[in-house]
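2 protein chains.
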Amino acid sequence: MDRYAQVMKVKRFDIEAGKLISVIHEIDAKELGVLPLDRIEITNLQNKKKVVTVVDTTTTMVGENEIGLFADVQKALGIKSKQAVEVKQSPQPESVALIKKKLEGKALSEKEIKQIVADIAHNKLSEIEASAFMAGVYIHGYTLDETAAMTKALVEDGKRIRFKKGPVVDKHSIGGVNGRTTMVIVPIVAALGCIIPKTSSRSITSAAGTADAMEVLADVSLSIKRIKKITEKTGGIIAWGGAVDLAPADDKIIRIEHPLSLDPEGQVIASVLAKKASVGSKFVVIDLPIGPGVKVSTREKAEVLSKKFVEIGKRLGMKVECTITNASEPCGNYFGAALEAKNALEILEGKYFDRVAEKSCKIAGILLEMSGKAKKGFGEKIAVETLKSGKALEKMLEIIKAQGARVLKSSGIPKAQFVAKIRAKNSGKAKKIDVKTLIKIARISGAPADQLAGVRMLVEKGKKIEKKSIIFEIHSENRQKLALAKKFALTKEPVEIK
Amino acid sequence: MDRYAQVMKVKRFDIEAGKLISVIHEIDAKELGVLPLDRIEITNLQNKKKVVTVVDTTTTMVGENEIGLFADVQKALGIKSKQAVEVKQSPQPESVALIKKKLEGKALSEKEIKQIVADIAHNKLSEIEASAFMAGVYIHGYTLDETAAMTKALVEDGKRIRFKKGPVVDKHSIGGVNGRTTMVIVPIVAALGCIIPKTSSRSITSAAGTADAMEVLADVSLSIKRIKKITEKTGGIIAWGGAVDLAPADDKIIRIEHPLSLDPEGQVIASVLAKKASVGSKFVVIDLPIGPGVKVSTREKAEVLSKKFVEIGKRLGMKVECTITNASEPCGNYFGAALEAKNALEILEGKYFDRVAEKSCKIAGILLEMSGKAKKGFGEKIAVETLKSGKALEKMLEIIKAQGARVLKSSGIPKAQFVAKIRAKNSGKAKKIDVKTLIKIARISGAPADQLAGVRMLVEKGKKIEKKSIIFEIHSENRQKLALAKKFALTKEPVEIK
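So the protein lines, in turn, are chains A and B. Counting in the working numbering, the first sequence runs from 1 upward without gaps. Counting in the working numbering, the second sequence runs from 1 upward without gaps.
With the rest of the complex left out, here is chain A (with noise of 0.2 Å):
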C-alpha cells in the first residue's frame, strides 16, 4: 500500500539514544496517522537511504513540520546539516506480532526466533517491545527447540572464529563468586595441546569477573583478529568477550533482562553456548555451583539444568559436560580483581595448592579426557602434574605476554594503599562464611572499579580462630570507601565465630 509522505525539516540531536528514535510535533503525528512509540520510516531525499524508527511525540522540542533526529539516526541517513527528509508511516516489524505470540504461550519456530533476535541485534525493536519479550520467556520458557534455536541464532547474527587446529575446548561457570579457576584450567589444557580461545566476563554483581583479574596481568580488550593470532600462537588465551562483537544481539538481551534480573534458564543455555559455539568449541565443561545464594540453589535443579546443557550441546555440534560443585563455602580466599589474580598466579607458581587449585584440575581433567588428551580416569592425574611440573606456569607466562604482559610475577602485584583489618571478637571455630556479604563488602571498597579493592580472607570453615586475631582484611585504594566497607563489615559480622 502506498502511504502518505511528508516532507520534514531535520533538526539534530547530537546525541546517541542507543536505539533508533525520532520525534516529530503531536499536530504532524496526527497528520501522518501515528502515535507515540508507533514506527516511521524516514528517507533522506539527498542520498535515498532510509531508516525506520520508534516516534516520539512532543509540543516542545521540535516545530510543526519539523522532526528531531539523534545521533544515531543521522549517522544511519548519512544526516550532516539541517536538511529535509521525507516522512511516512511505518508499518510494526514483523517481530512484533512474534512477541505477542510468545506472550500467548506458544512456541516460536526456529526461524521466528532468529527475526527476533535479528530485530533485537540491529535495534528495531523498542525497549518496551523487547523487555515485554525477555518478560514472555521467563514466564513460559522455551522448549528445547526454542532454546536451540535461540542458541543458533544468537551465534549466526555475530562474528565467529575458526581455528585450523585442534581439539578446541572451553569452560564456563554459572554463577561461580570467586576463585579464579580460569586462570589455572587455561594454562593447564593449553600447555598439554588443547586450543582454548576462553573469553570471559566482566563483574556484574560479583567482587570481579575472570575478565577483570585477568586485566591486572595484561591487556584483555582484545580484537577478534589478535584473538585468533594469539590463540593460534599459544593455544590459550583470556579475553574479554564484551570486547568483541561475538554476540551483539546477547548483550542486549542481558542488558534488558538486567533491570528485574531476569534469567529465564533458557536464556541462560542459549548466551553460554552460543558463546562456545562462535569460536568453533567442540568440548565443553559447564561448572554449575550449588548453594544459598548461587544462582542454582539445589543439586536436583542443577542436574535438570546439566541436561538441557547437554542436549542443547549436542544440537550445536559441541559436547558438553557439566560438574555440580559445592558452593556453600567460598572457593579461595580473595575476593577482588587484584587479589584473585595474585592467588591464581600463586597456584601456578606452585606456592601451594588449594581448593581452587583442586577445582582447577578437576575440570581441565575432564577437558583432556573430553578432548583424547588423557585416557579416562588419568585427565586431573595428569593437569596435577602439569601444574606441578611448572609446565602451566611457563604456558601462562607465555599467555600474558601475548596479551601484552603488566605483570609476570605473583610477587610484582600491587597491593592497595589502605588496608583494614578486621578481627574476631570472640575464640572459637569458623561456622559459618556468608559469601554474600563478603562480596558486598569488597564492593563496598571499590571492587571492581578499583583493582586493588577487595577482601583477602585468613580463616577458613571449621578452622579454630584465636581472639582479637584477624578473620579478614579490606583492600581499597579510597578512604570513604574503605570505611565505607569497614563500617559494613562491621555490623553484618560475615564470619560466625562458635
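Keep in mind the hints are simulated off the structure, nothing from the lab. Source: prediction; values computed, not measured. Any given hint could turn out to be false.
Which copy is meant is left open, because identical chains are indistinguishable; a pair holds if it fits in one copy or across any two.
[As the list claims (entries may be wrong)] Here are the simulated BS3-like cross-link-like pairs (lysine-lysine), alpha carbons at most 30 Å apart as the crow flies:
1. Lys-165 with Lys-381
2. Lys-30 with Lys-82
3. Lys-375 with Lys-314
4. Lys-111 with Lys-252
5. Lys-436 with Lys-88
6. Lys-295 with Lys-100
7. Lys-30 with Lys-487
8. Lys-82 with Lys-11
9. Lys-19 with Lys-101
10. Lys-49 with Lys-75
Chain A is fixed; fit chain B onto it per the hints.
The following block gives chain B in isolation, referenced to the frame of chain A:
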C-alpha cells in the same frame, strides 16, 4: 547503609526525555558501582533537592566526572546552570520486586498495586520495567481483587470532581467503531435532570473518537474547573478526557500497552471504571459491541466481561449495567469527525431516526431507569419522546454554547473540499460491509487529523443497489490522501454486492 558519593559536574541536555534518566561516563559508572539501567540518587548541592533517576552510560556524550541531565531531571532538581551535584547508587524502587512477583504469577495486594501505580505515575519505573509489568498482567490476568485494587489506585492517583447535585450517570462503549451515540445520549439524559460529566477519548485506531466529533461543534480541551462549572450549569458536557489529569497513571499505562496492543481485560475494566469513579458517577451503562474485528468477538466473552464490570462497579460504589450490541454491521453511515458530528446533530434536529438514534435512546433509557428518572420499562420511550420533542436538541445547543460554540446547526458543518464517489460495479444486494476497511479508507483520507475527512455510506446491509450507483463517498481536504484512499477503496472493495 551509607553509600559512596561522588561530586559531578552537570552537563545540560535541553531535551525532554519524558522520563527521569541521566547519563554518566562508563568509568564513573564503575566507580559508583552501577550498570546501565540501574538507578542513581542525584542531590543538588545548592538547594539539597534530590531525585532518583535511571542511569545510562556512555563513552562519548559526557566526559569523566560529568553527568548529563535531561530537561525533566533539571526541572526536578531546580538546576539552571553548569553546577555540581552529588551522585550515589540508589536501590531499586520497591515496585520492581512487585513486578517480578506478578511475573511469577502471584497476585498482588491492594497496597502493592497502589505502589506500582504511584511509581508509574511519577515516572519512577523505566519503560523496560513498566512493559514487563503489563506483559505479566497480560499473561496472568488480574483477580477480581486485583482489578478492584487497580481501579481504586487509578482513582486515588488522579484528580477528582464532586457534584453537589445528582444523580450522576455515565456511559462507555468498549471498542465501538462509529456512530456518536454519546452526542445524542448526553443531551437526552441531561434534559431529564441527570448529571452526565462525560469525558471521551480521541481516536486511536478508529476514524474519529467522540472527542474528535464534538470538537467540530465546540471546544473539548477543558480544565477540571470548567468541566465542573459547565456540568453544574447545563447538566451535561462532552469533554476530551486527555486534557484533564483525571488518571495520569492510566494514560501512561495505555501508552506502554500500545506498541504490542496489550489490553488485558482487567486493565480495561479498571481504566474505564476509574474514569467514571473519579467524576463521582453512580449509574453507569457499559456498551459492549460484539462482532468480528471488534474488541470483544463473541456474546459469551461479552457476558463474562459484563459480570466483571458489574462486580467491580459494585465494589467502587457504582451501579453498572452492560448492553451487548451487534457490531457486525456499522452503527450509522458515517466515518469521520465532521460527518459523525453532522449525523448526531441531524438526529437531534429530528431530520431522521436511524440506527444511531435507536441505540442512543436504548442506552439513555437504561440510564433513566437506573437513576430513577423513568419507571422500569419506560426509559426508552421517554428518551425517544425527549428526542422527538426537541428538548434534547435544546439541551445540546445549551451544552455546545457553554463549551464555546463553533457550529449550532447541522447545515453549518463544513464539507470537505475534495470528494470521491465510489460506484457499484454491478447490481445486487449489499451482502457484507467491511467496517475495518471503511475505517482504514477514512484514515488514509486524513481522519482523524483532518476533521472533514472520512467516509459517507449511501447503502445499507441487505438493501438493493443499482449498477453504477454511488455506494460511498470519500471526503478529504488533501488531494494526495484522497487519491491514496480511493486507490485503496477500489482495491479492497469493502462492500460486497451479490
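We went through each hint and held it up to the structure:
In the homo-oligomer, the alpha carbons of Lys-165 and Lys-381 lie at most 30 Å apart inside one protomer (25 Å), although the nearest pairing across protomers, at 91 Å, exceeds that limit. In this assembly of identical chains, the alpha carbons of Lys-30 and Lys-82 lie at most 30 Å apart only when taken from the same copy (23 Å versus 37 Å across copies). When the C-alpha separation of Lys-375 and Lys-314 is checked against a cutoff of 30 Å, the pair qualifies only within one copy, where the shortest distance is 22 Å, while the shortest distance between copies is 75 Å. In the homo-oligomer, the alpha carbons of Lys-111 and Lys-252 lie at most 30 Å apart inside one protomer (20 Å), although the nearest pairing across protomers, at 34 Å, exceeds that limit.
When the C-alpha separation of Lys-436 and Lys-88 is checked against a cutoff of 30 Å, the pair qualifies only between copies, where the shortest distance is 21 Å, while the shortest distance within a copy is 53 Å. Proximity of Lys-295 and Lys-100 under a CA criterion of 30 Å is satisfied in both settings, with 29 Å inside one chain copy and 16 Å between copies. In this assembly of identical chains, the alpha carbons of Lys-30 and Lys-487 lie at most 30 Å apart only when taken from different copies (22 Å versus 58 Å within one copy). In the homo-oligomer, the alpha carbons of Lys-82 and Lys-11 lie at most 30 Å apart both inside one protomer (6 Å) and across protomers (24 Å), since each shortest distance falls under that limit.
In this homomeric assembly, Lys-19 and Lys-101 come within 30 Å of each other (Cα to Cα) both inside a single copy, at 24 Å, and across copies, at 29 Å. Taking CA atoms no more than 30 Å apart as the test, Lys-49 paired with Lys-75 passes inside one copy only; the shortest distance there is 11 Å, against 37 Å between copies.
When each numbered hint is compared with the structure, no violation occurs for any of them.
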